[in-house]
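Listed below are the residues making up each chain.
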Amino acid sequence: LAFSIHFALLLALIIVFSTSCKAVTLEVGSVEVGYNDSSKSSATEDTSTSINGSTDGHAPSVISTLPIVTWKWHHIETPYLVALWILTCWLCKLVCELNHNVTSVIPESGLLIILGFILGGIIWGADKAQTFKLIPTNFFYYLLPQIILDASYCMPNKLFFSNLGAILIHAIIGTCWNAATVGTALWACYEGGAMGTLNIGPLQFLLFGALISAVDPVAVIAVFEEVHVNEVLYILVFGESLLNDGVTVVLYNVFDAFVSLGGLKINAAEIVKGIVSFFVVAFGGSFLGVVFAILISMLTRVTKNVQVIEAGFIVVLGYLSYLTAEMLSLSAILSITFCGVCCQKYINANMDEKSVTTLRYTLKVMANGSETMIFVFLGVSAIDKNIWVWNTGFILLTIFFVVVFRFIGVFFLNWVLNQSRLIPIDITDQFVMAYGGLRGAVAYGLAALLDEKKIPEKNLMLGTTLIVVYFTVILQGITMKPLVQWLKVKKATHSDLTLNGKMNNRAFEHILTAMEDICGRMGDNWWTRHWSYFEDKYVCRLLMKSDARKHKDPIFGAFHKLNLEDATKYVIEGERKGSLAFIRNYDSASVDFKKKLALEYADFITADVSEYDFGIDNVPVTSVMKNPIPSVSLDIHEQDRKSMPDDLSAHHLLDQHLYKSRRNNCPTYSRSHYNTSENPDEMQEIFQRTMRSRLESFKSAKMGVNPAKKLSKYPKKDSAHKPNGKPADPHRTHPYGDEDFGFSADSASSSEIADHFHGRSTNTPGAGVDNPAFIPEMDISPPMRNPPWQTETGNKTAVAPSQRAQGRLPWMPTNLRHLAPLRMSTHSTDAFVMADASLDEEAPEKKPGTHHTRL
Amino acid sequence: MGSTNSTLLKIPNVEVLMQETGLKLVAEENCLNVSPAHIIRLHDRFKALDKEGRGHLCPHDFGAIKELAMNPIGDRIIGAFFSPGKETVDFHTFVKILAHFRPVDKDRPKEPNSPEPINSRSNKLKFAFQLYDQDKDGKISRDELLQVLRAMLGMQVTDEQLESIADRTIQEADLDRDDTISFEEFRKSLEKINIDHKMSIRFLR
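Taken in order, these protein sequences are the chains called S and R. Numbered according to full-length UniProt numbering, the first sequence spans residues 1 to 855. Numbered according to full-length UniProt numbering, the second sequence spans residues 1 to 205.
Take the hints with a grain of salt, since some may be wrong.
[Said to hold, decoys possible] Listed next, the in silico DSS-like pairs over lysine-lysine satisfying Cα-Cα at most 27 angstroms (straight line):
1) R/K47 to S/K488
2) R/K188 to S/K569
3) S/K488 to R/K188
4) S/K491 to R/K198
By construction, these hints were calculated from the structure, which means they are not laboratory data. Keep in mind the model is a prediction, meaning the values are calculated, not measured.
Bound-form chain S, shown alone:
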């Protein structure tokens, strides 16, 4: 559903198209020609248009006969074109990405623009007019919001806020500086006669300066993502580009109003009003964003039950914050920016991990998708004879001033900032910052919004804006990478997540605040600390689920993440070896044995198949053949006497916890998949058994079987689980092997066993022996060594031993030790294979015999 929502947003509208149905169809055809090289399709479109003409409208008024199929282009025209354009643009991106050697030189955004030129050319060629172009409404309402939302949601929060001062100064003062200087300088040049005669007044120049001054986040992200500059530089450029969009739009609106008023009516009061409105719009928008962030965070506290659409809420509410700000004529971009930045921490904590991933991917799909479309359409829009009013002086001077004043502004502001910055901004970083002032679609959108009645030279401005965009995105984009390398700008150091790092970061923070306290000065750390104190006490209580609050600690979070990573690595490692062998570090030695065993397996299986020819299903047999190395820890050679307890306990664990199906025709056992969780009944039973064994182990631990350190941990856990578990009577006899429950003291769950095994094999070999849970029992109760099948022979009817054998086999080296002799007798082989086949009714009869011979 989340996806449908975002698609609805995307699909809503993107392009404007011609009224003439014929022209539209032709273009669709031509787009396809351009991309699929199928001239055929255009032909079919051509013929289809004639049909279209006859069946125009919703339903033909007069029908002579019942039409079996009709051509209904008009019904689906809009969504069809939209979808087709989305597809085309995304295919462009695909084409770009496929040519990797090209993208390493020209940034993707530049390539997309160039592809847009080609597409535009095709359309122009087919249509003799530009029928598709980037319309400001579509850009501002359907393409831009998701990009900003994604950027702000993924913003490195801490970095952003710790550099917020610098970012704001650059965004506000820098943008105003650019707007004012570019505007006045251009006007001065115009007065000086550099551009011939134009119908532009000083206010219009200022308006143009305002729209051209915005550094575009879309372009900046696209270019800087590929260069990997250091994080402070990145956040400065990126944060500035995000925030100054809002500022530019505000400035634009103010100047636009001034232009409408006309030069004469502007007096001091109006100017003051303009300044006031600037602040109201900018800060009001930000404030609205924060309000929406609070709303979202509070909403995610309670969306647990509709987890499927949880992620959709954020997208929709984010979009609403944008629209609401627009409605109130506040800065929509600032609103959605702050909404994303502020809510990310809380929603990530509140929502399920899956929803967070969904949200992340949803936003990425939307943002990347519309970013691609913006660049392609920037290219397409250029191929239009109507917008090009060439004025060399104006265009060249604009480019010159845009670049020069950007440099001056950045260097000056950085110089001011460096006076008080703890870590000053390098001169090279400053240079890259200035050079990274890419203009993009926002400028174009604003230029396209200009009213031709008020500004007669709109097309000149539009054309110039496009040239500036191409100049910065393509030329500066291409040169950015070499420049960064040549200047030896500090690159981002990718540091792994370590607990040490996290812990010491925390310690350093404390140390610094303490030092500031001792010196009696309020520094940055004072603010950070007081905010975090306030946040802990009030904000989190309001915005976070209570259980999420507990886990938000970064150190703990890092710990959790590392553990997850370990688990994944562990599984991958285990699977690479062919199984999730719980015991590692034995692989080199056990290889030969495994091979040998595999051979033997293969031998006797083929023999058996030919001999007995079960004929019913060979699936398990083949599965054995395909995967000849059984998924077992067949590390018998390495298992010396000492590790017997482990084996036995594993054996017991599996005996107790593996599901024994009561249905004999229950499906096959696959060696490569350990799928116990398929059946809900199964889960239920496993759960109950686990609970029972936990209770028992708790009891046994309580009775005091060598309370060692390791053991002492478990009772606590168990007791915690006790109230949830079934009120099981520990004395209740259960069907199998109840006399040996002491064994399971340490085996409350298989994962714990796994932990234990792992720890033993990596750290201190043989440590498992010390585990007090079973050592005493081992010696006290010899019957333990009797495998449970003996005790349960009476229960045959309830549990198919074949199943049990399957469940047990792979995990029990003790048993496997006896495998070789076992296989000598035809009897047992037979039973063994049947066990794998898991189907035969004879198996229950034969099985006990087998085991006895084995023992």
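Keeping the supplied structure of chain S fixed, place chain R upon it in accordance with the hints.
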């Protein structure tokens, strides 16, 4: 000007102090006659903390700072000001300790024979290290780590989790498998972290 200079003269051994801590640089930048503002500012603060006017600070003087009491590892940090066995800290040591947190100045010409500046990376790290290493054996043991973690993590985490976090942390840093973190290992584990950024206070520049 004269008054600041006279203030400066009241501070004992001011020349040596400036030499050692590098705080002198500030004075040179601000040209000739102007006093090293930082030292004076710190001296004022020192006098303010030293309520009884004894010329040295005791642990309880530090304890009187309200915010410091809130700091989870505040007592350790106070402890770092006092060399073992001593109950007092004079102004000289006070400034020297604080000088650890001066940002590294890049433009300072490197004199070949000069001793390592007090605000160098490894000195900053050493300061942090000794906060963990309470028994001063040059190693952070599991218990020492646990204590710090407990103080910093607070009530949110259970004891078992805390223990496994400590174990894991040691495992990460412990290169010679002795289940403790030596200073060398400590430094290695923080190699990628910009210490200069994280252990510097702006106004001591």
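Hint-by-hint comparison with the structure:
{"no.": "1", "hint": "R/K47 to S/K488", "in the structure": "violated (47 angstroms)"}
{"no.": "2", "hint": "R/K188 to S/K569", "in the structure": "holds (24 angstroms)"}
{"no.": "3", "hint": "S/K488 to R/K188", "in the structure": "holds (25 angstroms)"}
{"no.": "4", "hint": "S/K491 to R/K198", "in the structure": "holds (18 angstroms)"}
Hint 1 alone, counting from the list given before, is not met by this structure.
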